[in-house]
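Asker: For the record, the sequence lines run as chains A, B, C and D.
FYI, the numbering for the first sequence is 1 to 366, going by this note's numbering.
FYI, the numbering for the second sequence is 1 to 366, going by this note's numbering.
FYI, the numbering for the third sequence is 1 to 366, going by this note's numbering.
FYI, the numbering for the fourth sequence is 1 to 366, going by this note's numbering.
Treat the hints as calculated values from the structure; they're not laboratory data.
Fair warning: this is a prediction, and the values are worked out from it, not measured in the lab.
Heads up, a few of these hints could be off.
[Unchecked claim] Listed below are the simulated DSS-like cross-link pairs for lysine-lysine, each with C-alpha atoms no more than 25 Å apart in a straight line: (1) K66/C with K66/B; (2) K66/D with K66/A; (3) K47/A with K66/A; (4) K146/B with K201/B; (5) K47/D with K66/D; (6) K310/A with K201/A.
[As the list claims (entries may be wrong)] Covered, in the sense of this in silico footprint (three residues per stretch, anywhere, with C-beta under 8 Å from a C-beta of chain D), are these stretches of chain A: (7) 112–123; (8) 179–185.
Each residue gets a CB set at the ideal place from its N, CA and C atoms; glycine is no exception.
As a plain string of letters, each chain reads:
Number of protein chains: 4
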Amino acid sequence: MSMNSFGHLFRVTTWGESHGPALGATVDGCPPGVEIDEAMIQHWLDKRKPGQNKFTTQRREPDQVKILSGVFEGQTTGTPVQLMIENTDQRSKDYGDIMDKFRPGHADITYWQKYGIRDYRGGGRSSARETASRVAAGGLAREAIKQIAPNVQITGYMVQMGPRRIDRSNFDWSQIEQNPFWTPDATAAEDWATYLDELRKSGNSVGAVVEVVARGVPAGLGAPIYAKLDTDLAAAMMSINAVKGVEIGEGMAAAELTGEANADEIFMGQDGPQYSSNHAGGILGGISTGQDIVVRFAVKPTSSILTTRKTITKSGEETEIITKGRHDPCVGIRAVPVGEAMMACVILDHLLLHRGQIGENRGRIG
Amino acid sequence: MSMNSFGHLFRVTTWGESHGPALGATVDGCPPGVEIDEAMIQHWLDKRKPGQNKFTTQRREPDQVKILSGVFEGQTTGTPVQLMIENTDQRSKDYGDIMDKFRPGHADITYWQKYGIRDYRGGGRSSARETASRVAAGGLAREAIKQIAPNVQITGYMVQMGPRRIDRSNFDWSQIEQNPFWTPDATAAEDWATYLDELRKSGNSVGAVVEVVARGVPAGLGAPIYAKLDTDLAAAMMSINAVKGVEIGEGMAAAELTGEANADEIFMGQDGPQYSSNHAGGILGGISTGQDIVVRFAVKPTSSILTTRKTITKSGEETEIITKGRHDPCVGIRAVPVGEAMMACVILDHLLLHRGQIGENRGRIG
Amino acid sequence: MSMNSFGHLFRVTTWGESHGPALGATVDGCPPGVEIDEAMIQHWLDKRKPGQNKFTTQRREPDQVKILSGVFEGQTTGTPVQLMIENTDQRSKDYGDIMDKFRPGHADITYWQKYGIRDYRGGGRSSARETASRVAAGGLAREAIKQIAPNVQITGYMVQMGPRRIDRSNFDWSQIEQNPFWTPDATAAEDWATYLDELRKSGNSVGAVVEVVARGVPAGLGAPIYAKLDTDLAAAMMSINAVKGVEIGEGMAAAELTGEANADEIFMGQDGPQYSSNHAGGILGGISTGQDIVVRFAVKPTSSILTTRKTITKSGEETEIITKGRHDPCVGIRAVPVGEAMMACVILDHLLLHRGQIGENRGRIG
Amino acid sequence: MSMNSFGHLFRVTTWGESHGPALGATVDGCPPGVEIDEAMIQHWLDKRKPGQNKFTTQRREPDQVKILSGVFEGQTTGTPVQLMIENTDQRSKDYGDIMDKFRPGHADITYWQKYGIRDYRGGGRSSARETASRVAAGGLAREAIKQIAPNVQITGYMVQMGPRRIDRSNFDWSQIEQNPFWTPDATAAEDWATYLDELRKSGNSVGAVVEVVARGVPAGLGAPIYAKLDTDLAAAMMSINAVKGVEIGEGMAAAELTGEANADEIFMGQDGPQYSSNHAGGILGGISTGQDIVVRFAVKPTSSILTTRKTITKSGEETEIITKGRHDPCVGIRAVPVGEAMMACVILDHLLLHRGQIGENRGRIG
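The following block holds chain A by itself, in its conformation from the complex (with noise of 0.2 Å):
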C-alpha cells in the first residue's frame, strides 16, 4: 500500500522532486522479454518536455531518461526497471522569495499543513515535473502492451482550451501530431495560438480538457467492483496535477439522456459483437467491450501567473504574490502524454491482472 505507487501488477512508485538530484519511477511486474532501451522511452518525454515552443514552459530540462534497472541485452528481465530522470536545470533562485509564502491554488499550504516541512524549490514533489516519471513508466507499458495485445493504440489530444472546445466534425487524426496542442481540428489549433498567446502575454493562463482514446483493446478487461477499469482510469487520471474532473464516454453529460437515448445497441459482426453507438465509452460494468475506450479530463488553469493574489505567510501574515517563475499558461497541452502514459499503465496492468485471474478470454459469443 504504497502512497506514491498505482496499478496491481504493473506497479509504479514514483519518486523525487522538482529540484532533488533526480526523479523516476521504479517499475515493479513489467513481463519479461519486452524489447526496449532508452531511447524508447525518450520518444515519449520528448514529447512533454517543456521548452519546446512558445506555450510552454521555457524551463529546459534535457530530460534524459536513465535505465538503471530490470533490462539486459535489450530486454526487460521481468525484476524491477528503475527509470531515472537527473534534475540539471534547477535554478532554485527563482524560488527563493515562496519559501514562507503559499501560492494560491498550488499545493503549498496543504503540504505544509501536512508534513510541517516543504520542500519549497519548484514545487517539490507537488511540482508537475513528477509526470515525467509516469511517461517514462508509461513508456516502457505501452512496449509491454506490444507483447499482449498488438492491436492497442493510445492517442491523447486536447479538445477544448478554456471555454473554446473543438469541433468533432473537423476531427482528424493525421492532424495530432502536426500543432502544438495536440488537437485533431486545425481550425481550433489556429484559433487557440491567438487566443493562448494573448493570455501568455498577460501573465495569465487557462485550463483544457484532453480526451484519451484506447483503440484495440479485447473485451474482457477490468475487475469489479473496486478494480474496474474505469475506477482505475478515473484514479489514474485524476492523481495528475490539476486534474479536476474525469469523463468515461458520455461522461457528465451521460446525466442528461434517457436510457433510450443512452442504450448502445447491439449488432453480431464479423469478428464478434458491433454497437450502434458507444455512449459508454468502451466499458460496460467495469469492463471492457472491445470498443474503444474514450476518456477525458479537465486540467485546470496553472495557478503561477503573474497576476497580484492574495495570501498568508507561515506565521500567519496577509500578505501579496506574484508567481514569477517560468510557467506554461497552459499545462492541459502537456498533460496530453502524461494521459496518455496513465491509459497504458491502467491498460497494461488490466491485461496482466485479467491474464493471471482468467487465462485467456472464456466466454466466446457466437
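The hints should help you fit chains B, C and D onto chain A, whose structure is shown.
Answerer: Chains B, C and D alone, transformed into the frame defined by chain A:
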C-alpha cells in the same frame, strides 16, 4: 490487492450477488471502541432502500443488516466487521428470459466475455444491489469518524435530473430530507416529480448528477501522489454502478477558467486560513485544505427500460429485448446515500492513514 | 492492505470470532469456472473438525460451511466467494471467569493492550477457531489448482510430538490417513497415542512439528524479492495460531551444513532437470524448481492447561488461573489440515501471479 | 501489490542487479521530520560492506549511498526517499563462463525457467548484493523509530556457525562489536575464526544462525491475523537470500515443550506487566507483549564453492562447474546487519500501522 476491496487502512471488501442467499461487506481496519449497533447502520440502508415511493424500484427488500463479527457489547473490537444482508425477495423468474440475451447498457455481455459464466439473475454481481453493502460500510465509517474528527458532516443531494439543474440560489440544506430526490432546491423537486413521472409511465429512464459535500474535514488529509484525496474519491465514486463522470470542485468547468479566475485567494481567519472561494473543492495537491470537500458524479440513465432494443444472444444471433424487471426510472436518486457512504469511507481511511504516517498535524500556521 | 487478508491475486480475508454468530472467509480473485459445492469444502473442514477423538477438543461444532456468493450452478463465477460457518455450540459460560484475567500464553493480554476491548469468549478473534475459515478457503483453492496445474498434490502430516520424532525410514504415505495424528510413521502413531493420553489426563499439553509437502508443482512459481514462494509460505504458516517456527527444506539444520553437503546437484532427466537431493525444499531464489515443496512448522503446546498458573487481572492485580475450557492436548494435530490449506492458497496464488506476469513458462531447458 | 516491496505503511521497494549501473531502495511512507543524512545510513552499510576481513567476499564495493529524494535540509519530507548505491567494481568477466551453466544451489536455473532471460552477471537480481538496499532502508527506519519509540534498540548477532553454537552463559552484549562474527560469545568467536579459516582455504563454505533482538518495543504492535508481528517478521527474514528457517522465541524447540513448561507467567511490575520467562519471544497472538522481540534465522552455506559440482546447461547438457567468483565462506556473517535492517523496517511499519488504526494504546493495565 483484492479486486473487490477499497480503502487503504479502513478496507472494505464487498461480496454477494443480487439473487444469491446474501450479500455484504467485510470491513477490516476499523478502529476499536466505536459504538455501533445494527440499528445505526440500518438507518442508512433504509435511506437507500428500494420501494419507498413510485420513483424507485418496486422490489421490496427489507435490506436488514446483521453484524456477524467485530463488535462486542456494542463496540467495535478492531477486528473485521462482517455486515451481512440476506436476500429475501429474489423473484428470480423475472430474469429467466434474459439468460441468453445481453441487455444493452448492462454488464451482461462483458461479464460473459470475461468470465464465460454469469449469474444472470438480476445482474448478479453487477447489480446495483451491491451498493447496499457500501451503504452498510459507510454507516460504520460515519460512526468511526465521529471518534476522530467529530466535526465532519457528510451530505449528498441531487443537483441535476436529465437536463434539469437546480437553481443554486434556491439551495437550502434543510430541504434535502423533505423530498424524494434528496435535493436542496424545493422548486426543482416539484419540477422533477412531474418530469420523472412522465418518463416512468413511458417506460423510459433518465440520468442525474449527485453532489456530495464533506464539511468540517481537517486540513492535511490525503497522500500524494497516487493516494491523493481526490484520486481516491474519484475511484470511489466511479466504482459506483452507472457512474460515468466525477468532478472535484469546479470539475470539468475548470477547463473554462483563467488562472486569475480560478485562484482561491488565502486570508487569515480566527481559526486558521480562510479562502475567498472554493474552486478547488477543498483539495490542493491531493490534500485537504479544511474547506468543504465537494465531489459531483454523473449517473447514467437506467439501462433497463421498456422500449425494445436490439441485441444479440450468447450464440451470436441478433434479437430484441425489453427489460421488464422492477427498476428505477432514475437510479441517481438512490445513488445519493451510496455517494455519501463512499465519501465517509474515504474520509475515514485518510484520517487513519494520516494518523499513521504523521501522528498529528505538524504544520501550524500563525 | 487488509490486515486480515492474505494472498496477492487469490486473496482470502477471514473474519469472525470464536463465539460470535458466525465466522468465515471472503475469497476474492478465484478463477471462474471452478467446479465447487459445499460438500467439497466440507470434506476438508471435517478433517479439522474438533471432537473426533479423545485427542482433540470436545467442543462439538458441526462446522457446516455455507457458500453465500460467487458460485452459480456449481461453478465459481470469478466474483468473491463468501464461505460462512455458523457458530452453534457457543457455551460461553465456560469463559466468564476469564473475563478479567489474562491467560498466560494466550493473546488475552496483548489484545487488551492493543485494543482496550476484547471479546474474551473463547479467545474471540484470536481463537484457533479462525483456522476453520482458512481450511474452507483452502478447500476452494485445491479445486482451482486442479484447473491450472492438475498434477499438484498437497499433503500434510505430523513428524514430531513433543520430543518424539518420527523415524523417516518408516515413512509411508498410505499411513497418514490411518491414525489420529496424520503421521506417516505407524510406529510413532502408537507411541504418541500412549504419550498424549497421559499428558491429556494430567491436564497438560505438548507441542508438535507438522510438515506439508506439495508435489507436482511446476518450476517457475514465486516472485522475487518479497513475494518469493518461501517468503509467502513462511508468512502463511507463521500466521497460524501457536506456530513459532517455519522451515523450508533443510530449515534450521541448513546452518550445520557445508556448501559441499548442501548443494543439490543437477542432472538432465527425461522431462527436464532432476536433482541429486532436495536440501532446498523445492525452492531456489524464491522460485520453485519443480521438486517437492517441503515446509515444516512448529506448533507450541496449547496454553490452556489445567495446571494453575500465575497471572494478573485487567486492574493489575496478581492472581492465578486454571483454564478449564475444552481444549486440545496437542493442537498440532488439528494444525495439519490448516497447514495444507495455507499451502494450497499460496500455490494457487502463485500460479495466478505467474500467469499474470509471464503468461506461460518461457525458459525451456534442453 | 509490488512483488519487490515489503511493509504496509513504511513500504520499501528494492530494485537493481548485482552488476547493473546501480541498485537501491524506494522508500514510501516514511514519517516527515526524521533527521537523516547519507552518513547516518552509510554507517549501517559499512557494517555489511564486503571485503572488510578475510571472512567476507573480497569484492570491494565502496557501497556509497546517495539520497536522491524525500529529504530536505536534513529532514525527511514525508514523500518517497530514494536511496541509491552505484555499482563500481563490477568485474563482470568473472561470470562469463557461467552464462549458460546453472550453478547448483543458486537461483540461476529457476530465474531462467521463470523468465526465459536472466542477467547472469553475479546472480543479477538474485545476488545477495540486493540486501545492501535493505540495509540502507533499515538505516532510515532506525532513525524514524527514534521519533516514535525512542527506547527501541535493535541488535543482531550470530549464535551458531555450522554445528558450533554459542554458549549462552558467555553472552555479553559488549562483545558483539568486538569480533568479525558479531557474536556475543568471545570464546565462540575465537573458535569460529579457526574453523572458518580452514573451510575458506579448502574452498568450502558453511551455514549459520543469526538472532535479532528488539528491546524496548511497546506492547500492542501487530495486527491479526495476517499482519501479525511474527508473520511479518517471518516473511521479512525468509525473504533474505539463503535463509531457510525462521524462529520466534522458542522457535522449532517449542514443539518439545509441554504447556506447563512453555507458559510465560505474568506478574505486575512497576511499569506494567512482567513475565517469568520469554518463551513467546515477545509476541502473543501476533501482538507485542513489551518483552524483547526475539527472532532467529538460519542461513544456508554459500553455494558458490570451489568444489566441482555436477550441473546442466541451458540446452540441457550435463556438465560440471566450479564457482570461482569472490565469495563469502559464511554469508551468515553479513546477514547480521541485514536481519537488523529487516527488524527495523518491520517494527517501524507496525508502529505506524498501530498509530493509524488505534491512535494511542487504549488498554491500560492497573
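Asker: Hints first: check each against the structure and report whether it holds.
Answerer: Cross-check of the supplied hints:
{"no.": "1", "hint": "K66/C with K66/B", "in the structure": "holds, 16 Å"}
{"no.": "2", "hint": "K66/D with K66/A", "in the structure": "holds, 16 Å"}
{"no.": "3", "hint": "K47/A with K66/A", "in the structure": "holds, 17 Å"}
{"no.": "4", "hint": "K146/B with K201/B", "in the structure": "violated, 43 Å"}
{"no.": "5", "hint": "K47/D with K66/D", "in the structure": "holds, 17 Å"}
{"no.": "6", "hint": "K310/A with K201/A", "in the structure": "holds, 22 Å"}
{"no.": "7", "hint": "112–123", "in the structure": "holds (count 6)"}
{"no.": "8", "hint": "179–185", "in the structure": "violated (count 0)"}
This entry does not satisfy hints 4, 8, going by the numbered hints stated previously.
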